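Chains as they are written, first to last, in the numbering used here: chain A, 1 to 548; chain B, 1001 to 1332; chain C, 2001 to 2329.
Careful: at least some of the hints might be erroneous.
Said to hold, decoys possible - Just a few of them, taken from the derived set where beta-carbon distance is under 7 Å, the chain B residues facing chain A:
| id | residue |
| --- | --- |
| 1 | K1203 |
| 2 | L1205 |
| 3 | D1206 |
| 4 | S1209 |
| 5 | A1210 |
| 6 | L1213 |
| 7 | S1214 |
| 8 | G1215 |
| 9 | W1219 |
| 10 | E1225 |
| 11 | P1228 |
Hint data in this document are derived by calculation from the structure and do not stem from the laboratory.
From a predicted model like this one, the values you see are computed outputs, not experimental measurements.
Cβ atoms here follow ideal geometry from the backbone N, Cα and C, with glycine treated the same way.
Okay, here's what each chain looks like letter by letter:
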Amino acid sequence: MTTPLVQVEDLTVDFGDVRAVDGLSFTLEAGAALGVVGESGSGKSASASALLGLHRGTGARVTGTVRVAGTDVGAADEAELRALRGAKAAMVFQDPLSSLDPYYTVGDQIAEVYRVHNRVSRRAARARAVEVLDRVGIPDAVRRSRSRPHEFSGGMRQRALIAMALACEPRLIVADEPTTALDVTVQAQILDLLHDLRRETGTALLLVTHDVGVAAESVDEVLVMQHGRAVERGPAVEVLGAPRQPYTRELLASVPRVDARRPAGPVPGPRAAAPETGPLLEALGLRREFGRGSSRVTAVDDVSLTVHAGETLGIVGESGSGKTTLGRMLVRLDDPTGGRLRYGGREIGSLPEKAFRPFRRELQMVFQDPVASLNPRRSVGESVADPLRAAGETDETRIRDRVSGLLERVGLDAGRYERYPHEFSGGQRQRIGIARVLAADPKLIVCDEPVSALDVTTQAQVIALLGELQRELGIGLVFIAHDLAVVRQVSDRVAVMRQGRIVEQGAVDEVYGSPQDAYTKQLLAAVPTLDPARAAARRAARSELAVA
Amino acid sequence: MSEALLVQEAGAAPLAAPASGARQFWRRLRAQRAATAAAAVVLLLFLAALAAPLLAALAGQDPDTFHPELVDSAAGGVPRGSFGGIGADHWLGVEPQTGRDLFARIVHGARVSLGVAVAATLLQVTIGVVVGLAAALGNRRLDQVLSRITDINVALPLMVIALGLLAVVPPSFPRPVLIALVIGGINWAGTSKIVRAQALALKTLDFVSAARLSGRGRWSIARRELLPSLAAPVITYAALLFPVNITVEAALSFLGVGIKPPTPSWGQMLTEADTWYQSAPTYLLLPAGLLFVTVLSLTVLGEGVRTALDPRAASRLSIGTGREGRTKEQAS
Amino acid sequence: MTGFLLRRLGGAVFVLLSLTVILYAVFYVAPGDVAQIACGPRCSPAQVAQVTEQLRLDDPVYTQYGHFLQGIVAGRDFSTGTGVDHCSAPCLGVSYQSDQQVMRLILTKLPVTGSLVVGAFVCWILLGVGTGVLSVWRRGRITERLLTWLTLAGTATPVFVIGLLLIIVFCSTLQWLPSPTYVPFTEDPEQWAWGLLLPWVSLALIESAKYARLTRSSMLETLAEDHVRTFRAYGVGERAVIGRHALRGAVAPVIALSALDFGSMFGGAVLTESLFGIPGLGRELVHAVKVVDLPVVVGMVLVTGFFVVLANAVADMLYALADRRVVLS
């Protein structure tokens, strides 16, 4: 028997008092692909970093043994470690923009890495850089190798990082959330690229991801982690198809599926069947332009949509599609530069701030970033009380009672009124944000990526809460997200946005079941599936779409 | 100061740092040994300045009485006795030529130096915060006008304008007040730029949008959501500005256009001491040393304040690192 | 880029114009009897009247300002009592004291200040950036702590204190150096350098502290960034990480600050020049202030303002050039 390429035994990583990785052991054979899956704080990234000895000098304490391609990472001296890094095992990081030096050209950076491990001339190293850039599908690689990272798109940057990883023909590529910062269509391209490269070069792959679907698309074996420990390991088909451990089952159950509406979500029902009252909110040819002169950009272009009371309209689109700007205009956080916006039949799009005041509280918004949406210097109770006070309520006991009630309604302990936002987890903060929105007695809530910063299990809970509240209060909901599966779960109707325009709009099952627009088809084809067998078929389908 | 530099600067300050109460601030400040020591020195200096007449009386002296008997007029006015005439009566010796008590002049000088710097800093910060906030929160037009005014303020060379102004304002106008006004009025652009940049960045944060959605007014949002978050960068900046102002006052007095005799000031003492360094070195070393210790302590304290307010910076940068570019021509 | 330059130019002209208005308001209008000041305290009323006539101080303020502006743009004539002196554009007026044209005066002083600033600049950049890099390279060790405190001491010392001490130590006590004197470069380059050595060193010691801090903090900040982690993860050694990647991050702020310092110092390193008796713009200004020579004061302030505005524009431009991510607007 040959020795495995990667051998990890009883690995423990401590950051101060926090044990990130707790007694992890696993092996990876040459040429194999292992997906390490877990939620935030599961220790998956810390484990990946340990493979290259990246914890050295950071203050983290590492015990246990890690052997990669014959190098004992824990015992190796600086020179041995440097010889391992990049040459035998290469890392692809999450954020492709910040992972490249902004000051040097992409080609120079790859050449620099190549020259560290190979005694070649500058010119030869540059040639190698162009070669690998070309291999990862950068068009016109000679010219583009002279560009700096910020001149690349997100997907191109990630390709460049992968090219850097390939430069020295490593036996192992460690990819830490390589597609998390990317749009779903780009994500699919990068995953396909990794897949092809692996088949072509025989490199082993260790893929760290929070997204079970990404793992299902790319690896043969899956290792599920929780609280720094391995929960379950096995072939992807088995672990994802028939999980044995309760945590794995819970994790998989929480993952929203793009192919079917989950019964736990809000049920489309008779509430949509009351159109005779007229729409709650109506946008007609809404436009928003930024800048002037030659730098003018149209963020939202001629968008028309309606939202009824008790109904959820999903808006899905990739980054830069204008969906957030649209959402902000719907609640008048941003002023439209054209078109009409009607609320309860009244034109509000062009109302001056003062005249709009009476409607202000009825149109609310839940924000994406649970960290930024609460003032860190005010207690959460005070934040939730804001709409009450603004409405003129001065009775402190009444305010307190109402806020306590709201905190309990969203599933938080009312006794934590005086606590500050940093004492809460991301999911809890999002609940606080929802409580604050409810304090305003809204008629319509725009949720802008309300769950994209959350782990899947938390995601499912927050979505369930929103659904409950909507049923209870009969409010209109606009749910903006980049994640097609999440949108499918919550929406009655859905609008697909691209470059500021709505390319397709309709009942959710129709749009997902039989998409008409080419872009919608492309989007749906790019969503990772949880079934490794289907993933292969879809990969083939994608390449056909790309050709067409 | 370059806009680009400042924006970079402002980007480093924590926009959404966790709430840090006064108690936490003190705890973090005390955790730094150098800053604690500096704070003690600064406190001592302030106390000495406040109690200057009292201290002088305690020594049995005042800053203005001539003691011709204590200087050797035959030798050109060199103080009699060793080390510039240090003794039980004159704790730090006497001034050459006049024989005035140095201890009394030094503590009274501290009064002027610190007082002028405090007033100037307060003025700079007040103008800066008002202009910066107004620019960030007002409409486009107001922002443009205020930014232009800030540009003009930047273009006013501090030392040069101060020199010019001090020359033409009638001597009847109290000098310390004038100097504070000049420094404060000429050198506020840094504060306003930082406040504007920070407030603009804060304005884009979701919690400010949420406050708007709650139906709260513009003023209420500025007061409750923006100002508390602006406190950290402004205090930090003020703490770093303060020692600079001390230096500027000393420099103006050194050039002979600042504090006029007979009011004592360290900078002015330095000018006079210039010709006496061989025969009466203490006369030179005292104000020079004190100036050094004061500015050093204040700078260390300023760094400590920055670290205490921005613990994330502390993890990367230990004492003695400054991200601040320059406020303006200081004293070169 | 062209658009940026034009906008910057427009902005600079506006700022300078505002500067003239402010200066004019402050210096000519506010403080009492200009004629008396110009003539001197011991002038008789008749002499004052003559000066008023000569300087046309009877004209309304805006007319005077108009003449002043006209002088800058097109030049103007001055009556010297006996004849007429033409002062060609840009004319900043004529000194009350020496009857010399302010612009000519400034032009004769400029090379002196230039010698001081350029020499000191070379010293402080080398010293400052070097110290910064060294303290990053030796971070966490005793060298770093030492350098940190040294630079801190440097920032806390006023230039006139260190200059004074240097003169006392090297010129008076040890007598290694002659007292600083200014000899024009064109006359004797060697004397020029020796005479300016102490001023250069004094300025450099003080200024370099600031640059050391800026270099160090910029580098540390870069070292904490993700892309540095990338290169470490690819086996790039510490030397290359610091020398290539971290140092590159410090280039833009250091260049921008240099431009600013350079600009503001060209208006006269007032303290240094006064202390060392270097006959540059700064010393001339102090002199003019002391004798209340208003045209000279206003002219100097305007020229300094011009350099500052110029330096600000250059700093922004260099910053954007050095840091390609910044978009000029």
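Do the hints match the structure? See the list:
no.: 1; hint: K1203; result: 11 Å, violated
no.: 2; hint: L1205; result: 5 Å, holds
no.: 3; hint: D1206; result: 4 Å, holds
no.: 4; hint: S1209; result: 5 Å, holds
no.: 5; hint: A1210; result: 6 Å, holds
no.: 6; hint: L1213; result: 6 Å, holds
no.: 7; hint: S1214; result: 4 Å, holds
no.: 8; hint: G1215; result: 4 Å, holds
no.: 9; hint: W1219; result: 12 Å, violated
no.: 10; hint: E1225; result: 6 Å, holds
no.: 11; hint: P1228; result: 5 Å, holds
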